[in-house]
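Chains as they are written, first to last, in this note's numbering: chain A, 1 to 343; chain B, 1 to 307; chain C, 1 to 339.
Some clues are possibly wrong.
Now the stretches of chain A that chain B is said to cover, found in silico as 3 or more residues with beta-carbon under 8 Å [to be verified]:
(1) 32–38
(2) 134–140
(3) 169–175
It is worth saying that the hints were derived from the structure and are not from the lab.
Ideal Cβ positions, reconstructed from N, Cα and C, are used throughout, including at glycine.
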Amino acid sequence: MSFDGHPSAGPSGAAPLAEQPLLEAVGLSVRFPMPKKSPFADRDYLHAVRGVNFKVHAGRTLGVVGESGSGKTTTAMAAVRLTEAYDGAVMFEGRDVLKMGPEALRKQRRDMQVIFQDPYSSLNPRDRVGAIVREPLDLMDVGERKDRADRVKELFSLVGLRPDQMALFPHQFSGGQRQRISIARALATNPKLIVCDEPVSALDVAIQAQVLNLLRRLQDQFGLSYLFISHDLGVVQFICDDIAVMYLGEIVEYADRPTLFAAPRHPYTAALLDAAPSLARRKSAGYSRAGAVKGDPPSPMNLPKGCAFAGRCPRAQPRCKDEKPMLRPLEGAKVACHFPLEG
Amino acid sequence: MTDVATNPPQTAAAPAPAASGPAVEAVSPLRESLGIFLKNRPALVGTAILAIILLALLYGTFFVTADPYEIVWAPMTPPFEEPDYALLGTDYLGRDILAGLLTGGWPTLAVGAAAALLTVGIGILVGALSGFFGGWVDDLLMRVTEFFQVLPALLFAMVLVTLFSPSLATIAIAIGVVSWPQTARLTRAEFLRIRELEYVAAARSIGAKNSRIIFRVVLPNALPPLIVSATLTVGVAILFEAGLSFLGLGDPNTMSWGLMIGQNRGYLLEAWWPVTLPGLAIFLTVFAISLIGDGLNDAFNPKLRSR
Amino acid sequence: MDPLLSVRDLKVEFDTRHGRVTALAGISLDVMPGETLGIVGESGCGKSITALAMMGLIPNPPGHLTDGQIVFEGEDITRASPRRMRQLRGRDISMIFQEPMTSLNPVFTAGDQIAEAIMLHQDVSKKEAWEEAVELLRVVGIPEPRRRAASYPHEMSGGMRQRVMIAMAISCRPKVLIADEPTTALDVTVQAQIFDLMRDIQEKFGVAIVMITHDMGAIAEMADRVAVMYAGRVIEQGRADDILDDPRHPYTSGLIGCIPALGREAASAERLPPLAEIPGVVPPLHLLGAGCAFADRCPLVHDRCRRERPPLAPHGMAAQEFLGGHAVACHAAEREIAA
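Isolated chain A, as found in the complex:
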């Protein structure tokens, strides 16, 4: 099982090692300061991520899915400290990443790497791609210096690129190939965890399939764990073992893949599934959406008192607007809803 029934229990040092997740976030919160309206006013904050708990188990993939503004990318970036959290803990093999000093954190990064979303801005345009893949080896002093050139070659063939392309510059590659270079860079230090931040959303579908298959093959080969961020439920269903659905900075549903897709419990999850285009929904068959959600997500600057989804929810009751639902266990899933859907 990918998670227990006590989201607020915190990391338990007593648990046997095999049960210990590779990465566990507890009460992770991120806020961004807003510009002051006047020099004397109190500073406003945008609460991008609000008390999120999740676990990534060794060799498994946790998908974090949500729309823009849901805080999914911020959550992932805070977990590997590319964004600073202001509250919570992120335990990586039992040690809190958020409390590490700069040197310890730098060393820790060997084990947790990142693949970024935009293949056109994630590679330094002034470096040759061979140097880009080699850089983590040099910076984190991995392996013998003389072996590194061979390691880079090996990484290139692992991700399906030719070693003779190492001298080229990023702009000479297509989006899909650049994403392969990003993957090679992330693999270089033999990490345990790779955060994949929408790694295929900028790619054409045909190329997307190539990269998704590659990511899964590499996971099998090296026993990698992925924290996989995506807005695309189809992609998430393909690659993830566990899924957290985020809405406005909070997890609203958390379950393993079969459970979630067989029976979404949160109306928002159901709405996402309903809204995703699918080959099965045909205009010729007069397809129309029943109970589709209305409007856009509210601004994270002024959050409602009750459930953040209540304003758009087809099932909303007066209680939803007043009382915030907590994430609680429900038949193998966890859901933050007063009136969850039937299983």
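Chain A is fixed; fit chains B and C onto it per the hints.
The following block gives chains B and C in isolation, referenced to the frame of chain A:
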């Protein structure tokens, strides 16, 4: 998808499939820019003018042996009247103008270059720290920058030069001190932009320290507009030097184009050439530099590449 | 029924640093009144250029429309004067773009911009145009339309801006609405709303829609007929159901196969099988040879494919004889049908 229509080279430039394509030659972004620069006609004209000026300054004194500080003929001899003694005429003291132009070029260019280096040096340092770290560092440095920006530049430079006796070094420093804020702001803006790009986060995620990120990752990518600005600053600094000299604040012991103008300006109505000829030299140099600067700008600006 | 808009053998070339490349290599399409034609393909296949050509908006330079016709209600608009084109654009043929943030003018209110579009083509007063703009905002489902008409684009969400774009596009009751990836920049729940709205508007006003997209799911949901494009050519064309259920071109079936399945059907406890892949990438346009552009990536490739480009033909017929039918440009599909 609309960008495909307006910018077809982007799609056309995709390399051949990984499995079957031929080996492609590496093209660095800098070399690509150089290629664009070499196709830019105005920029090549600018480069040619500047090259001719530099060659003349380098080898001219082999042919014109007159001492620019010595009186060689009657004062205010017009050009071409005494080609054997003073081809381009003499100034109000009877000194050879051609000799003055050829020796006075170096100090002028040197002040320009030194002032530009200083400008860019201070500007990049302040701008980089400000843009990279943000927060109170940014607040503090930007207030300082604004202070220097609102100072009347020429007046402040004049004060500096009068306080510290006019020498080439003081003039260069004075120009540098008053003109760095613009470079600092440009650097800061570039850093703010690049700081948010994913390759900076990528560098951090593979364990790069701040110093490496600033100097190895962000700065090289911020350089193109800074190079353009530095090039143009050389031109501005040359004009500045001329301006100070014109006001009589040049270094009286070193022949420079500005000094020639400054010393002869009182006799402009009697003799136009002692002022006009160095003025022309300054004009040509600055013109060439700004053509080169524009060419570099086009070469570095990817949005103009498809033209 | 006669087509409302017909594209015949349209050829568009672009000047690039690789010399002149062919972006559209002679494509033919028909848009019937009131239907939705989906044009689907990957980046660089020429689908957006097709849309721009229909609007008479190919940027020149570097683009050149070198051959072919675009016939709208009997008039070849490739030969129309700029003045005539301006008349047609917005009134008879209008367009909505991918990025609603940059296609609206940030310094005018939504109402101003819609009213402006109305006054450009209709002889009405400013006040009447404004009232019409408010009405249009109501039609496209914007709550409190009167208040929202006075809002600036930056005060609106992405979905709302796209609704404003749609309101502007339908302000003169056009006969053809060209939608170039209208929902790519939007979230999926908002995309669903925009799709619903577009179907609604089609029903209400009988407008024909040309929908440019890379998403086969969007095609299923929106299109009556589909043209699949690859490297500047239409390689398969037919009714949406035929294309989706019985794709004949290996590229089309590849595109359909590489989409991850979604929902209950795929909710197995087992790990899902690997996705179907189309190997390689789209070839650069300046390197296209004489054969089929898909040959290097095709699982069914044959010697003939590299020598000879397959024409777009419905199982053994000329494409134009079989409008509305299922046409495919593939030697292998032809063999299969012959067998």
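Each hint, compared with the structure:
1. Requiring three or more residues with a Cβ within less than 8 Å of a Cβ of chain B, the coverage given for the region 32–38 of chain A is violated, as only 0 such residues are present.
2. For the region 134–140 of chain A, the assignment as covered by chain B holds, since 4 residues bring a beta-carbon within under 8 Å of that chain's beta-carbons and 3 suffice.
3. With a cut-off of 8 Å between beta carbons, the region 169–175 of chain A has 5 residues touching chain B; three or more are needed, and the interface restraint holds.
Of the numbered hints listed earlier, the single one contradicted by the structure is hint 1.
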